[in-house]
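Full structure from sequences and hints, please.
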Amino acid sequence: MRVAIARVVMALAARCFGKHRRDWASAMEAELQVAIEEGESLSFASGCLLSAIRELPAHEDGRFAIASHVLALGIIIPIAGLMLISVAQGYPFLAPNAAGTDAILGTGRPMLVNAANQTGLPLLTLLTFVLGSGHLWVAWAMLDRDWSRVASLGTAAAALTSTVVMFTGILFWSDPCALPQAAMIAVELLVIWSLVRWHGELPDIGLDTVRPHPA
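Per this note's numbering, residue 203 is the first one in the sequence shown, and the count goes up by one each step.
Source of the hints: derived by calculation from the structure; they are not laboratory data.
All C-beta atoms, glycine included, are put in the ideal place defined by N, C-alpha and C.
Fair warning: there could be bad hints in the mix.
With beta-carbon atoms standing in for the labels, derived distance ranges [said to hold, decoys possible]:
1. D225 with S354: 29 to 37 Å
2. I255 with V205: 38 to 46 Å
3. L362 with E231: 15 to 23 Å
4. E262 with L214: 34 to 42 Å
5. G276 with L381: 19 to 27 Å
6. Q235 with Q291: 50 to 58 Å
7. W400 with G249: 28 to 36 Å
8. E403 with V272: 42 to 50 Å
9. V205 with T365: 48 to 56 Å
10. S253 with S354: 34 to 42 Å
11. R399 with S245: 35 to 43 Å
12. A353 with P280: 18 to 26 Å
13. D225 with L328: 45 to 53 Å
Structural data, given as structure tokens:
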């Protein structure tokens with residue numbers, strides 16, 4: 203088990219070193235065999251990983267990796283969680299004064315929801331669930347550098363957000379409740395677009411060289 207974990211840690215270290223240190227990473231992987239024979243595989247692999255992490259800010263591909271992980275783990279996934287939690291709690295984007303799902307079902311109904319527009323809430327809730335789930339796919343595809351899938355998911359997210367804004371404008375014409383959500387997703391897509399452009403400018407890396415993740 204220790205050897206298997208050490209190999210995984212070493213593979214992660216090799217990914218962190220990037221193309222500019224590929225020869226060094228290959229040498230470290232070869233030395234791992236010696237460490238395995240000496241019973242020091244895990245400590246050796248951990249040391250290589252720490253060295254690789256320390257070197258990340260020193261090269262452009264490493265800075266790109268840091269930025270993409272910060273965007274995925276610090277922004278995209280939390281936004282996805284916010285959307286999915288909002289679905290479970292009764293879609294608070296549309297019903298900030300609601301007491302949870304009971305408000306949508308007819309008890310403890312907030313002022314924004316009435317008999318005329320209540321029928322539209324299941325559709326909006328479904329759209330929000332799809333948006334939140336799609337954000338998780340965007341984060342995965344982005345970290346995998348599958349930019350064609352990122353573009354497809356981003357286009358779908360923009361279309362779904364426009365649909366949500368349109369429906370909320372009809373159902374809740376006096377309350378721009380979906381606009382903060384739309385603005386948040388618009389800023390997020392702009393940041394992802396900037397990241398795609400940055401990736402295209404990395405040395406010896408083009409958008410067509412990235413292996414797409416299998417469907």
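If you check the beta carbons of R399 and S245, does the distance land in 35 to 43 Å?
-> holds (40 Å)
Distance restraint evaluation - I255, V205, Cβ atoms, bounds 38 to 46 Å | violated (22 Å)
Between S253 and S354, does the beta-carbon spacing fit 34 to 42 Å?
-> For S354 against S253, whose Cβ atoms are near 37 Å apart, the range 34 to 42 Å holds.
Beta-carbon spacing of V205 to T365 - inside the hinted bounds 48 to 56 Å or not | Since V205 and T365 have Cβ atoms about 51 Å apart, the given range 48 to 56 Å holds.
Verdict for E403, V272 (Cβ pair) under range 42 to 50 Å | violated (19 Å)
That 29 to 37 Å hint for D225 and S354 (C-beta), does it hold up?
-> holds (36 Å)
Range agreement (Cβ of Q291 with Cβ of Q235, hint 50 to 58 Å) = holds (53 Å)
Range agreement (Cβ of P280 with Cβ of A353, hint 18 to 26 Å) | The hinted range 18 to 26 Å holds for A353 and P280, with Cβ atoms some 22 Å apart.
Verdict for D225, L328 (Cβ pair) under range 45 to 53 Å | At 51 Å between Cβs, range holds.
How does the Cβ-Cβ distance of W400 and G249 compare with 28 to 36 Å: does it lie in that range?
-> About 30 Å separates the Cβ atoms of W400 and G249, which means 28 to 36 Å holds.
Measuring from beta carbon to beta carbon, are L362 and E231 in 15 to 23 Å?
-> For E231 against L362, whose Cβ atoms are near 44 Å apart, the range 15 to 23 Å is violated.
Do the beta carbons of G276 and L381 sit within 19 to 27 Å of each other?
-> Hint holds: Cβ distance 23 Å, inside 19 to 27 Å.
Of the hints listed earlier, those the structure fails to meet are numbers 2, 3, 4 and 8, in rising order.
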